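Enquirer: Those protein sequence lines, which keep their order, are chains A and B. Residue 231 in this note's numbering sits at position 231 of the first sequence, with consecutive numbering throughout. Residue 159 in this note's numbering sits at position 159 of the second sequence, with consecutive numbering throughout.
Everything labelled a hint here was simulated from the structure, so no lab data went into it. Please read these numbers as outputs of a predicted model, since none were measured by experiment. We put the CB at the ideal spot given by N, CA and C, even for glycine. Treat the hints with caution; some may be incorrect.
Stated by the list, open to error - Cβ pair distances, simulated, as ranges:
#, chain 1, residue 1, chain 2, residue 2, range
1, B, Lys118, A, Ile69, 58 to 66 Å
2, A, Asp293, B, Asn42, 36 to 44 Å
3, A, Ile306, B, Val180, 40 to 48 Å
Here are the chains, one letter per residue:
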Amino acid sequence: MTAPTVAPATDLAPRIFSRNIDDFDVPHGREEEWRFAPIKQLAQFFEPATWGSVGVAGGHGALVEHVDINDSRLSQNWMPTDRPSAIARAKATHAVLITIAKESIHSSPIVVNLENSGKNSYLHVEVHAGAFSKSQVVLMHDTTGNVNGSMLSIVGDQADLTMLSVIDADLPVTQHLHWFTEVGRDANFLGLSITLGGGVIRTVPMVTYRAPGGKAQMLGAFLLTGHQFQEHRILVDHTEPHCTSNVIYKGALSGEGAHSVWIGDVLVRREATGIETYELNRNLLLTDGPRADSVPNLELETGDVISAGHASATGRFDDEQLFYLQSRGIPEALARQLVVRGFFVEVLNKIDDPDLRDSLMHRIESKLGIVDHE
Amino acid sequence: MSKLTITDLHACVITDEGETPILRGVTLVVESGKTNAIMGPNGSGKSTLAYVIAGHPKYTVTSGSIDLDGEDVLAMSVDERARAGLFLAMQYPVEIPGVSVSNFLRTSITALRGEAPKLRTWTKDMKAAMSELQMDPAFSSRNVNEGFSGGEKKRHEILQMGLMQPKIAVLDETDSGLDVDALKVVSEGVNRFKDQNDAGVLLITHYTRILRYIKPDVVHVFVDGKIVATGGPELAEVLEADGYESYTTAARA
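All chains should be modelled from the sequences, with the hints used to inform the complete structure.
Expert: Structure, rendered in structure tokens:
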């Protein structure tokens, strides 16, 4: 094994980049990056195991391949940044590789149903969007059992990639997912993370730029009902000048024991001049009992930016909104549906495909037990 | 012909510290085609009366009754009251992020009528109603009350009233915060609604200014949770000249 790359210290960016598991200590829960996480439930991801790899269900076109983990087309540069991701990279036997040829235009979404054999699994997925290509990739995590792994989106120069990752797992399931995105010159990336269920889900999206002029949006919609935990720990690492980033995560929580954590880290490096960045987290508590932690962090190494801002707020479901809608004859269940739809619409409206958008909204509403009156 | 009958209504707010009575025996009748004005000083409980009629969960009715054409209003949920023909134009309408005015109005009308209005006539009706209130057509694609000016909020309330066609409408300080031009537009909207639907109107206001544009049939003076005086339109002129002082002193005595 080669020696790990050790990056200069910043408050927000990872320090160690390595494929060697032992370069990372076993987390004990007091480290800054692990302090919100339920370490006990995640402990199974801290030691290597002999698990299978997540594959793809059904027939798929030439774009989507199930390849050996040593396939030379998989990213050689990408390095894990914590112990779970290092373990998953080292122990996965196969990967799912989605290759969008350069200059190819795909008008309908490329839907990929990820599946495993129902047992605990490692996951490695890479989406390579070639230069000047335009596509939408939808990853449906139809996996069961516990899953640990990484998704990579490598966006070529001036490519336009929308990538949607949908986790709608069964209640006891635990998942740990990195999502690394590298944005090329003048490229446009839209990442949508939809997380609707599961016992303990921790996602670690990281966006960085390979060249100037890239645009990245990371949007999330998450839902917790009852005894569930979700952590979304986002890092946007502005390494290049004249790039933009926009992070919007919205969460709705209901029931005793629901706990969400949103960490929005944005690092603007000295060389990343003329950038624009904004991040926002809104949480809606639908009932008494849930807890939502929300921590935006902005670290500026240069003052030469166009704009840099963040906002975070957690509010209760507003009884005055309910009263207002009901006073116009709208029954309570439908009024709640309107308010929740309205809350998520900012994120879900970014999905171009109307069928996909409606089906996701329907999933959210059925999870919340909101009856459809239409 | 509709009739809203309020009889000896008592209501309070329940907090951790206990019960705070606000309405202390309100008796009032609002009939089709008639405008009742309720005037009173700040804190007299007149807005609470409006909320209690609409069924706001913050207030608890301790005794008395509200009856609409033989139906027990207090037994109804908030949305049932609206479907029975009651409407409250609110003083402080809330924002509903992500819900457009057109979606909101259409959902409401569908709930009130029990079926969705035909798309073609609906769009036409909505446009006509908006133009009568001098509202920009782009208004319908904005989110409900989000970023609305004070005047826009009130016009939006009156727009809803015109489209929903209630039997009895309660207007809670619809005149507050309006400049005189907006007040005229809104008042014309109320008058048009009342004439076209032969509706009953309960107009709650702090100032007599709006009564120059909306002529009341009956004026009530509301102090300390109940009606302390009732008269014709001339009572409003007395209040304009003398204020509420003689009534508030009498109530305290």
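Enquirer: Indicate, hint by hint, whether the structure satisfies it.
Expert: Okay, the hints, checked on the actual structure:
no., hint, result
1, B/Lys118 - A/Ile69: 58 to 66 Å, "holds, 59 Å"
2, A/Asp293 - B/Asn42: 36 to 44 Å, "holds, 41 Å"
3, A/Ile306 - B/Val180: 40 to 48 Å, "holds, 44 Å"
Every hint from the earlier list agrees with this structure, and none is contradicted.
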